[in-house]
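Can you build the whole structure from these sequences, using the hints too?
Sequence lines, in order, name chains G and X. Numbered according to my numbering, the first sequence spans residues 10 to 147. Numbered according to my numbering, the second sequence spans residues 107 to 311.
Hint data in this document are derived by calculation from the structure and do not stem from the laboratory. From a predicted model like this one, the values you see are computed outputs, not experimental measurements. Among the clues, some could well be false.
[Said to hold, decoys possible] Derived lysine to aspartate or glutamate pairs resembling EDC-like cross-links, with alpha carbons at most 20 Å apart:
| no. | chain 1 | residue 1 | chain 2 | residue 2 |
| --- | --- | --- | --- | --- |
| 1 | X | 288 | G | 113 |
| 2 | X | 288 | X | 225 |
| 3 | X | 288 | G | 142 |
| 4 | X | 243 | X | 271 |
[Claimed, not checked] Interface residues of chain X toward chain G, partial, derived using beta-carbon atoms under 7 Å:
| no. | residue |
| --- | --- |
| 5 | 189 |
| 6 | 196 |
| 7 | 307 |
Note that the Cβ used here is the ideal one computed from N, Cα and C, for glycine as well.
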Amino acid sequence: MNEDGTGDGRAVPGSQWYDADAGPLVRPYAMTGGRTKPGPSNVRFDLIALVVVEDDPPGPAEESLLGPEHRALLTLCRAETQSVAELAADADLPVGVVRVLLGDLLEAGFVKVSRPVPPAQLPDERILREVIDGLRAL
Amino acid sequence: MAYERSENTGAGGGVDATALALKILVAGGFGVGKTTLVGAVSEIRPLRTEERLSRAGEAVDDTGGVAQKTTTTVAMDFGRITIRSGLSLYLFGTPGQDRFWFLWDELSQGALGAVVLADTRRLEDCFPAVDYFEHRKIPFVVAVNCFAGARNYGAHEVSRALDLDRGTPVVLCDARDRDSGKEVLIRLVEYAGRMHTARLLDSVG
Ligand SMILES: Nc1nc2c(ncn2[C@@H]2O[C@H](COP(=O)(O)OP(=O)(O)OP(=O)(O)O)[C@@H](O)[C@H]2O)c(=O)[nH]1
Ligand SMILES: [Mg+2]
Numbered sequence: 010m011n012e013d014g015t016g017d018g019r020a021v022p023g024s025q026w027y028d029a030d031a032g033p034l035v036r037p038y039a040m041t042g043g044r045t046k047p048g049p050s051n052v053r054f055d056l057i058a059l060v061v062v063e064d065d066p067p068g069p070a071e072e073s074l075l076g077p078e079h080r081a082l083l084t085l086c087r088a089e090t091q092s093v094a095e096l097a098a099d100a101d102l103p104v105g106v107v108r109v110l111l112g113d114l115l116e117a118g119f120v121k122v123s124r125p126v127p128p129a130q131l132p133d134e135r136i137l138r139e140v141i142d143g144l145r146a147l
Numbered sequence: 107m108a109y110e111r112s113e114n115t116g117a118g119g120g121v122d123a124t125a126l127a128l129k130i131l132v133a134g135g136f137g138v139g140k141t142t143l144v145g146a147v148s149e150i151r152p153l154r155t156e157e158r159l160s161r162a163g164e165a166v167d168d169t170g171g172v173a174q175k176t177t178t179t180v181a182m183d184f185g186r187i188t189i190r191s192g193l194s195l196y197l198f199g200t201p202g203q204d205r206f207w208f209l210w211d212e213l214s215q216g217a218l219g220a221v222v223l224a225d226t227r228r229l230e231d232c233f234p235a236v237d238y239f240e241h242r243k244i245p246f247v248v249a250v251n252c253f254a255g256a257r258n259y260g261a262h263e264v265s266r267a268l269d270l271d272r273g274t275p276v277v278l279c280d281a282r283d284r285d286s287g288k289e290v291l292i293r294l295v296e297y298a299g300r301m302h303t304a305r306l307l308d309s310v311g
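Below you can see the structure in the form of structure tokens.
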């Protein structure tokens, strides 16, 4: 049921940070340099927070300094506005890792992350009506 | 791109995007059909989350020889239903074992509502989910997954057996069937809307 992460070829090639004692289950955090929390801004992105690319992102020079996972996420964001959960599923990375990587991208000015609107603040019931009609029409 | 709408602005203050994402949870006991339901109504994808075992509290994960293991991967069900550009429903289901309950604390934040799947052959399996959402005042419907071979109970009987608050909908469903699954979600959204209105009315007087 759960993938155990073994033999999935996802290990960072030639990764030096991989601590054999820690076992395969902590390996994904190697690509965040072992960080398990997003950077100084320390935001914890909601699973359904939407990630949008910045209108005026840093140039290609800075982008080329990003790691492959950062760039992979950026590519996904550019294709379509997506939630944190979708990015994790599409990039096949654990949510915790994606949160850290997105924190980096946010700080470097590559992306914006919208806080989801809590249902209690939904403007009106029109939205829910729309959802119901939309579900019927599926 | 998907952000050209301006109608919904105002809600949520500093939200700079007007796209709306609504979260619906799918809960219930082990093997009751959560993954099946999410897959029937949406394009399902596995979502991996890394969880520290310590966060799972007394979680009795039988780590056997690997006692030093500090992080475990939990695969959740995850599905998206696009209502229109800028309005999506996100469905989340977690594995049914008790030791994954801690996942709900994050998931339930800001959720529109929840579906609690039940199997009448072992109704007690959904008690923890019912308790959980009742305590947190998260609107939920109970969806009875009608497995073949299970005696057919009426929605009323199930409601009584679970001692549900009056008004909590009970829907009979077949988790494998798309239309049936859609109906469950529709009932939930309708109910969440009613609860929402009732609370607004309460708060103004
Ligand atoms: N006959 C019948 N079988 C079903 C129905 N719903 C699910 N199943 C089967 O029951 C089994 C368990 O369904 P899942 O959807 O994996 O259940 P789950 O709640 O996700 O299980 P966990 O994630 O392990 O807790 C699968 O073999 C399904 O094919 C149903 O409505 N009728
Ligand atoms: Mg499942």
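Structure-based check of each hint:
no.: 1; hint: X:288 - G:113; result: violated, 38 Å
no.: 2; hint: X:288 - X:225; result: holds, 19 Å
no.: 3; hint: X:288 - G:142; result: holds, 11 Å
no.: 4; hint: X:243 - X:271; result: holds, 11 Å
no.: 5; hint: 189; result: holds, 4 Å
no.: 6; hint: 196; result: holds, 5 Å
no.: 7; hint: 307; result: violated, 13 Å
Hints 1 and 7 from the earlier list are contradicted by this structure; the remaining hints agree with it.
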